[in-house]
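With the hints as a guide, bring the two chains together.
Residue numbers (our numbering), protein chains in the order written: chain A, 44 to 258; chain B, 5 to 591.
Be careful, since some hints might not be right.
[Unchecked claim] With a Cα cut of at most 20 Å, we get these calculated PhoX-like pairs of lysine-lysine:
#1 Lys154(B) with Lys234(A)
#2 Lys154(B) with Lys512(B)
#3 Lys272(B) with Lys154(B)
#4 Lys255(A) with Lys238(A)
#5 Lys246(A) with Lys234(A)
#6 Lys237(A) with Lys272(B)
Source of the hints: derived by calculation from the structure; they are not laboratory data.
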Amino acid sequence: MYGVGLVKGMGVTIKHFVNTYVDDLRWFGRRYYNPEAFAVRQSPQAQGIFTVQYPEEKLIMPEEFRYIPFLIYDELEDGTRQDRCTSCGICAKVCPPQCIWIVRSDDPETGRPIPEPSEFFIDIDICMNCGLCSEYCPFEAIRMDHDYEISTYDRFSENIYNKEKLDKPASFYAAVRPLNYAIDEAAIAEKVAKKAAKEAARKQRQAEKDRKTDE
Amino acid sequence: MTDKESPQVEGTTREPDSLEQHFPGILTPDEREGFDGYLVAPDKLTEFATRLRDEFGYDYLSSVTGVDYLPDEVMEVVYHAYRIEGGPALVFKTQVPRADPVVPSLVGVWPGADFQEREAWDLLGIRFTGHPNLRRILMWEGFEGHPLRKDWHEAYFEEDAKPFANRWPEGDVYRIEDKIPFGKNVQYPSEFTPEGWIPEGDEGLYAGLGQISNDGDGSSLKTDQLVVNLGPQHPSTHGVFRMVVTLDGETVTDLKPVMGYLHRNHEKIGERNTYIMNMPYTDRLDYLSSMSNNFGYALAVEKLMDIQPPERAEYIRVIMAELTRIVSHLWAIGFLLNDLGAFFTPALYAINERELILDVFEAVSGSRMMCNYFRFGGLARDLPPGTLQTIRELIFERLPRRVDELDIYLTENEIVRSRCIGVGVLSPEKAVAFSAAGPVLRASGIPYDVRRAEPYGIYDRFDFEVAVRYGGDVYDRYLVRLQEIRESIRIVQQAVDDIPEGEIQTGKPIFQVRVPAGEAYGRVENPKGELGFYVVSNGKPNPWRYHIRAPSFINLTALAEMCKGHKVADVVAILGSIDIILGEVDR
Ligand code: SF4
Ligand code: SF4
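Next up, chain B with everything else stripped away, as it sits in the complex (with noise of 0.2 Å):
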């Protein structure tokens, strides 16, 4: 990044512990039990965070979110920033009254806060001022109330915290359709008529797109603004998922991706869940990936409970997180091959050998997708026998082999390039601006990885490279997933030569475990991008605060500015390099 190289550059070698003296009467450390970083006063915040980026090198926002201190009657906004040279976080946070929660937008300092902060509005009702268009994101325009609140409760309701007390001992079994009947299972504000609604959200969805007028200069054409809708039930969107266009001719003049549909609210549901029961519903984020998914929850509670699973399993866990790798990042190729036209004969190629792995997954966890396998200080059980036999045979024979034979299939096949090459540019500077993560901040020349930049687990002893691109474009995506898959061949070759025998858990398992109070990020390289949790404990059996911090939804940010000046077709193909999974993107 050219702009490094400005005199503030020393500012970037100044160690944090010098921040208070920097910010005399701005910064206040976060002195709470089992917390970390710095609190903020909300009028000082966007001075702060401008100086924080220019002068002290945090470039990169990974996460902006809310959490709802009831008892306090504090909201407070947290934000993980990193510097995209690698290390650990800034951790800021600032607090406003819970009753009237206004916090300055960062949008301008960091653009990646964009869709976050709208999230924080949309399920919290944190009011950010100057953020450029404050809608909705995940929850429709009409709906009442901030359901992430703790007061807010759904139709559905049962209790605040599991295990519900009329499971056990008197076991009182009801169908919760039975009691709360169709119709009556969504709550509308009062004097709110479904028939007569008009979505004003949509007039702000469509007002928000940038206007064109071309009268025609006898050069060009006379042309009229078109704005087409696609999804929310479109083959290319990968689920449910909806891009409004305006288009110039064919060429799209801008877009918004319009999400939620598939929003089940898995932030409310994990803060009622005990800890563990949290770990089957990671697996249903971005459900290719369940493996790495559990990885990033585990670390986030391990941290809190300050435990560390023993080395085998520590080595399971490399090999299964890699394999998911494998899986996630076959699949998308495929797909995006469909995306490109090529319907199904090289996503079917990619499929099979995921299937070989699945196979694995499920001998291993017992199920192929779903795989909860991930436990607090371990895993849910050793490698089955002849398992790492079969991990072998894959690794080391079978998957190099038809790795190679889809670079040949696909890498130098004139169509693919001429669709993809210099298609959905993403520069480095934006990427980083937008919190680009995983292999769309690496396509585009960003060398970040979180294996690299702040290794977790044991992926300090791996030899590995960090596949990078620099055209920023669907191609560069398309071989920076190539690489990695083969990186991660490598890596799980690694692992499987040097795995030692013994346990696979610290201690005993135990169903309802004991978490400090305090709070904890943990976050991986998750096939899609930077995964992170953010969970803060109060001492109790339910986490407090759950959040995600999910790549797909992040990386969607940047997918208007990829499109502009495409033709509407690269828009399906831009979307597939993206590579989204809506469970992780509606949460």
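This is chain A alone, in the form it adopts within the complex (with noise of 0.2 Å):
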């Protein structure tokens, strides 16, 4: 019968505008601005009305979301930064873009590269989210932030980010990538370990060798 899919199809419209009154229902009223019903809300079990009242309200982000760089630094226990960035280039020459430029340090009596970076400078602009150079910088110096709202006034002064602005310390890190972090501590540790055995390995040898020139 012509018109009978129209109705149907009112059924469901009804249905959804019912629904997130029977929602609010649900909570007593506290849909919104209840972190607990909130979670729901952006969940596969989440019904009617699903809109995000930011900024009162934001969305959780996930582990993994990534935006804009940042580099860690380790702060000693004599309270200095340490970074971990060896100024190796990798992440540089991986960026798709090419936003990311760095200046090497050397050592001003040798002349010859030390592993820090006297200067690190991400063009925000440009830079595409895409968590190549986190992936791939083999120091675990440079991993993604979540912070999304950054806009400014003026682009021009402020959004080429240099080593002040990128650095955080190692704890920022722990705070927003716990799993990540996680990962990583345990990489380095590995690393520790294996260059302390490299270590008692080598002193072994020589110490081999001055008892057999001893003898």
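Below, the structure written as structure tokens:
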């Protein structure tokens, strides 16, 4: 019969309309600004309208979410900062839009490169948030941040981030990306252990050599 | 297809091996290391192509593109032809001197070559003799040069290949706008004044439109022909896209699509990038289906490198690609209804479900739309904890119900039916001839799906139907998409049940992969149709040629055919039913 399809369709619309109010009742009117309700509203169990009341409510970022990269430094016991970055240049080489500029530092005496960048720039207007820099950094030094509220009034003066702006402590990293942080810590520990083992082996060989020459 | 029953059918069973004996003196095998297929002399091209189609059954021309072999002073045109029954490609090429590249047009043999030849003319300067309307297609008329040529440089030119030398170790930071200020960032031909320019290209465009004269013979009204520009800024064009239509009253008599407003020379960028750098760029083609764009590109490069991803990665790839199909089809259905005038209620119901899938993408890849998740020989990372459970909840419980709801909501709706049934009909013969792909092809009664015709990844393991409808109209395209969502749900259900534990990457992830010299064509069944990546490597870190067979772009070849004779309001619905994404059309 003509019109049945329309009526059925209207039924769906009405269901959607009613569902929101039913969901409202379910939360006793505390459907909004309520973290518990919000988590449900953003999950496959969601019912009714699903609007996020931004900025009062914000989407929960999954750990892997990536935006602008940051550089990690470790805080040593004496209070000094130690950059993880060795200015190896891999991130600058892999960056698709080529928005990373790194100035390698040289030892003032020998003129040889030392493992620490003297400057590090990322033009965040160009950065495509791809995460390749963080994926291929061999020293767990550059990782992706979650902060997406970075608009400014003047992009010409503010959107080339320098090292000062990019630097974040390892504790910050641990806070935004705990699982990745744990993986990195394990990788670093493994590297340290390997290095120590190598060193020990070298020492032993040296000792044996010395013993032989003594004999 | 009825013409298959002609006596020439025997030809279709012959294997390509015998091709050389069939075309003595016309065909020579391409013997370059890593290359495939045949070389055909340009003067024999039309004859060869016609016989290939009629005697050997290669009735579907998937891709046409050019390659600029600058060191050899050669311009090459590469063709990938398929049989619509399925099976591998027949690749053939023709080489002409770079200084004067002239190749006969194959539009007469495969009308689907139309836009692709225009693109090759526009970007590479290959002239196709006999092409009915050889104008620029992505660049503007009056543009100087052919930008995909290896010796063409843009105003912002830095270096021919990335990584650029000045980024490290002496990172000399600057803004490109400071070096090349606004106004100096375009190149004009000499003696060109932007203010005094008359867009001659548009004259060619309007002249190419079919003319009508209706003086009224007493029984009908005397009407004038009216030319209307729909777009480029028009809410129904799904982006910046323009259709020039000639109208007789309200009836469309001819239509020409005009595109390129979002052109960024993706392929040139791709040829400067290293292989891995292209991965995030592919996200930006059909930006609703980044995961399956990644898939196609990864396949092409994996073919060149001769590597395979591990089992678990294969499963995750299929899950992601099928979720992408659901996302894209939901969007297409929602926006088709927008185009029909049901403003945003159906679209939002569809987008609601899409958001939940995007949550999965975000958890897995770090981004909702620009996923950049596939790597050569695997994936960027494994699924994070809990994701598989979320996918299960969606795919076993929520989505099947929601798709049924969408079905009840729209399929029987009398307004939808009367606006869609019989509108924008594309016959099966025309669909194949115009190289239409994806739901557009399958709604015209051709059950061609790359996942079946030439399975890639592990698609041969799954049980699913190829959705097909026979009306070839807007309504059937809608129904094909609806069914494909259901089939995708089925595939993901099987995949999440069977997915094994294990590695997700073959070998160690390396930032600069070694790709042996050669060519490869990787194609996937994207939500919009067949997406192909033609990649040529010369052994260096950057691809020598990186071409995209964009389904949205090629599907537009048939747009005029579909629209003629319909009302102007139907044009909007027909365009919506093709489901184009301008990021991919304009590249
Ligand atoms: S790849 Fe890592 S260590 Fe190397 S320069 Fe970049 S941030 Fe520093
Ligand atoms: S996220 Fe991508 S674009 Fe941005 S700095 Fe890193 S590599 Fe470059």
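Each hint, compared with the structure:
no. : hint                     : result
1   : Lys154(B) with Lys234(A) : violated, 44 Å
2   : Lys154(B) with Lys512(B) : violated, 33 Å
3   : Lys272(B) with Lys154(B) : holds, 9 Å
4   : Lys255(A) with Lys238(A) : violated, 26 Å
5   : Lys246(A) with Lys234(A) : holds, 18 Å
6   : Lys237(A) with Lys272(B) : violated, 44 Å
In this structure, the hints that do not hold are numbers 1, 2, 4 and 6, in rising order.
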